[in-house]
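We have chain A; now place chain B onto it with these hints.
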Amino acid sequence: MPKRGRAPMQGELLQGTLDLLILRTLAIGPAHGHTIAHAIERQSDEVLQVEHGSLYPALHRLEDREWIASFWGTSENNRRARYYRLTPRGRQQLSAQTTRWDELVRAVNRILRPAD
Amino acid sequence: MGWTRFFRRRYWDEERARELQAYLDEEIAENIARGMTPHDAARAAHRKLGNVTRIREDIYRMNTIGFLESVWQDLRYGGRLLHRNPTFAIVAILTLALGTGANAAIFQLVDAVRLRSLPVKNPGELAEIVVQAGDRGRTGAFTGRRPMLTNALWERIRDRQQSFSSVMAWSNAGFDLATGGETRPAEGLLVSGGFFDGLGIRPMLGRLLARADDVRGCSAPGAVLSYSFWRREYDSDPSIVGRTILLSGHRLDIVGVSEPTFFGVEVGRSFDVAVPICSDPIFRAERHRLDASDAWFLAALGRLKPGRTVDDAKSDLRSMSAAIFRETLPARYVPEDEQAYLNFVLTAESSSTGVSTLRRTYSTPLWVLMGVTAVVLLITCANLANLMLARATAREREVSVRLAIGAPRRRIVRQMLSESLLLALIGSAAGLLVARWLSASLVRFLSTGQTRLFLDLEFDWRIFAFTAIVAGMACLAFGLAPALRVTASAPATTMLGTRGASDTRERFTVRRALVVAQVALSLVLLVGALLFGRSLRNLMTLDPGFRSNGVIIVDMDARRTSVPVESRRAMFDSIVQRIAAVPGVTSAAEVFIAPISGSVWNERIVIDGKVQDGMVNFNGAGAGFFRTLGTTLVSGREFTDRDTTNTPRVAIVNELFVKKYLAGSSPLGRTFQPRYGPGAVAPVFTIVGVVADTKYRTLREELTPIAYVAAAQETPDDLMPSVIVRSAVGLAGVAPGITNALREVHPSITVSFTTLDGILQTSMTSERLMAALSGFFGGLAVLIATIGLYGVMSYMVARRRMEIGIRMALGADRAAVVRMVVGDAARLLGAGLLVGIVLSVAGARTARSLLYGLEPWDPTTLAAGAAALAIVALVASWWPANRASHVPPTAALHEG
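Chains A and B are the protein sequences, given in the same order. If you count the first sequence from 1, position 89 lands on 89 in the working numbering, and the numbers rise without skipping. If you count the second sequence from 1, position 290 lands on 290 in the working numbering, and the numbers rise without skipping.
One chain only, chain A, in its complex shape:
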């Protein structure tokens, strides 16, 4: 849950999802903003079309909560870029949130397809 801001319900749901996706992406290894954005897009088979800009406030928020940490590094193309990595707390959060996501999906599925 975001601590402040005036985002509507819809956004909140999306935002929480975005957080989870970022954590998932970083679980593989440190990456910078550009990589994270494209990775999410690619891995979801281009279904999750996020405006790449909205990634940055999310990164900022996660860093604030100390789930991720950042450092300046050099990109594959030899450019200065800010890299993010998962902190131990972030890793815990990832597994906890993944579990909760799975439960949520199961619950929603049970309601949507009671016949199964």
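Hints are computed from structural coordinates only; laboratory data are not their basis. We treat Cβ as the ideally placed atom computed from N, Cα and C, and that holds for glycine. All the given hints hold, so there is nothing to weed out.
Looking from chain A toward chain B, a few residues come up when the C-beta cut is under 8 Å (computed): (1) R79; (2) R80; (3) R82.
Positioned in the frame of chain A, the structure of chain B alone reads:
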């Protein structure tokens, strides 16, 4: 969110900006690699990322503590607005500062003089023991600042009372620290043995006086120094106890120093040295007051026993009164006084705040000043309200535009509030400075003359907070009301309304009422200032019957010469002669009581064997006294060197004496006697001259009948002669010469100088204070009211610009426009003046005792005040009127 991020949010913003730029660079490079043109690549990258500024703002907001951030922003915005309208800001801040500062300063004085408790243990248990006397019978010699009891009364009260756990008596005495030459005065305190103990004062060094120190006939009394005297005179020497101090030529052992907080029991005075009452004979020799049952010089306080009330003490004292007064009846009383004396009753009065003549002198002026500052505070609030209203209204259009483009209402209201808050804060801070400066100047003002005023003026935060909050609230309330109003209405209406030809009547009524109130209150202050100013002028220009300019009073203390009574006359004559011979001295003459010094010697008189009504003031004068003083000799002759103890007793009386007692016959050659009690032989005085009436004790008093007797024919029973000197070269020109001349007479004589003008000035301190302060506040009030009126008129003219334009287009000339606007102002002014006159008269009646030579409803003063205010106010409204009349009609109409 960490606090570090809040304080480093600018750094973080730049950091994010770099990060976003890095994304763009990366994306553009990839796009180019995919075969796009650089231009398309950049556009595609930007589209992918979204609005960079928006992202940065989102992140920036995450780093802030929302409320704090916007308050700071509002304050800064408010500061910028004030900076852009310096006149408004300065007027508002000055108004606030003077209003709050003056209030706090005056209240401090009132508190110190009237309300503060004594710095002693449980002051609530203290009660003063006094004689309930009619207007007769308490006659005799009165010395000291609070002559309530005689020693005979005090000793009996001390020994017989039941309701106090301890009783203490005190009197003040002037000591001289010098061994010769000019006097070095020290404030002495004569105290009873139980004084310090009863008040609960502890020693700072050594010990304080105890019961054993105050026994009749004490030959080597000890002295206790006050903390401030010990610091001043002995530089806080820790080994002071056991050393001696020379007081008026008598060496006393220093036994201790009292604790720092104790200044005495008299508010407004501090003491330097305390000695036991039993030492009076040492300092006053045969004229001591311990056995004289008509020497009133002591004041007494009692500490109530636990559980006893002041009423218990009253009934206790009452029950023992008859016996005490019977035993102490002074021998020389005449029968009427005897009868009155025997009917006296002792009583007690709660005295937790100490006793003070200062309180008597200044309490009315201080309360009146308190009222004056309250009015100033009211005017301040009214003016602030008016200013804030004007300001908020002027911003109506701006506010509606901001509302129209989506600013939240709450935000706008808060912004206006914070602007008011900023004003209130700055104004109060400035008020703090004003308060400190003003209270220091007030004490300095009251201390002028020969008296050193001691007031413990602690800065009172409560009262300052109170005034600041009142003014601040006015500021906020009147800043907020229009803000709420404007934001409540639909933006479109307001935007239309501001430029319409019509006027919103409702808010205008408030501002008009405020102006009327301001004018009325200002008139009250202005009339007050004029009344006090004229009272002072009346006092300063009244003919006291003498020419004070150039007269110096020389007070000498020759007690250390120990000249016996029979040789004193010769010494006094030689002193006068030597002083008269000093270069720069025009003439010199002996005097018993200097004019307007506050001392009195009065007697009842007998003419042709008949006791006369009323008292006659007496004075002793030497040869050439009236010439020196500048008092007109109406008939007969002055005293001369030929009036001696070998010639018949002569007297000179004033015109009122003749009119009252000797009407219808030639006064010269007539005789009168003072009326003495049984056993005393009254001398017979032959009148040899008549002089013009003079003021005797105070300038404010009614003229009294005065009899002057020849100083040279009186028995010189003390060694403290006074001489008045007329000199054309001033005090500084003759003082060294006189000091030298006296040294030739005897090296141990000490001397002090005052000018008669100085005495007159000091006697008018309270009047000068009132005139100066009320003048200051009156001027201030008029200024504030004028600004208020100017503001309202300017605003009204601005609102009616279009109407004026139409009128002029239709043929109204400039004079008509000016008449219309000024006429409007005149109506407000008229209403204000009418209310003001009623209030002024009511206010002046309460301050009646402070006026001299005029009535509270003095028509000239009222008319002058109203006229002055009217002129200033009309000029203030003519200005905007004139400006309006010079607006080209087309310009005004185009704006609509």
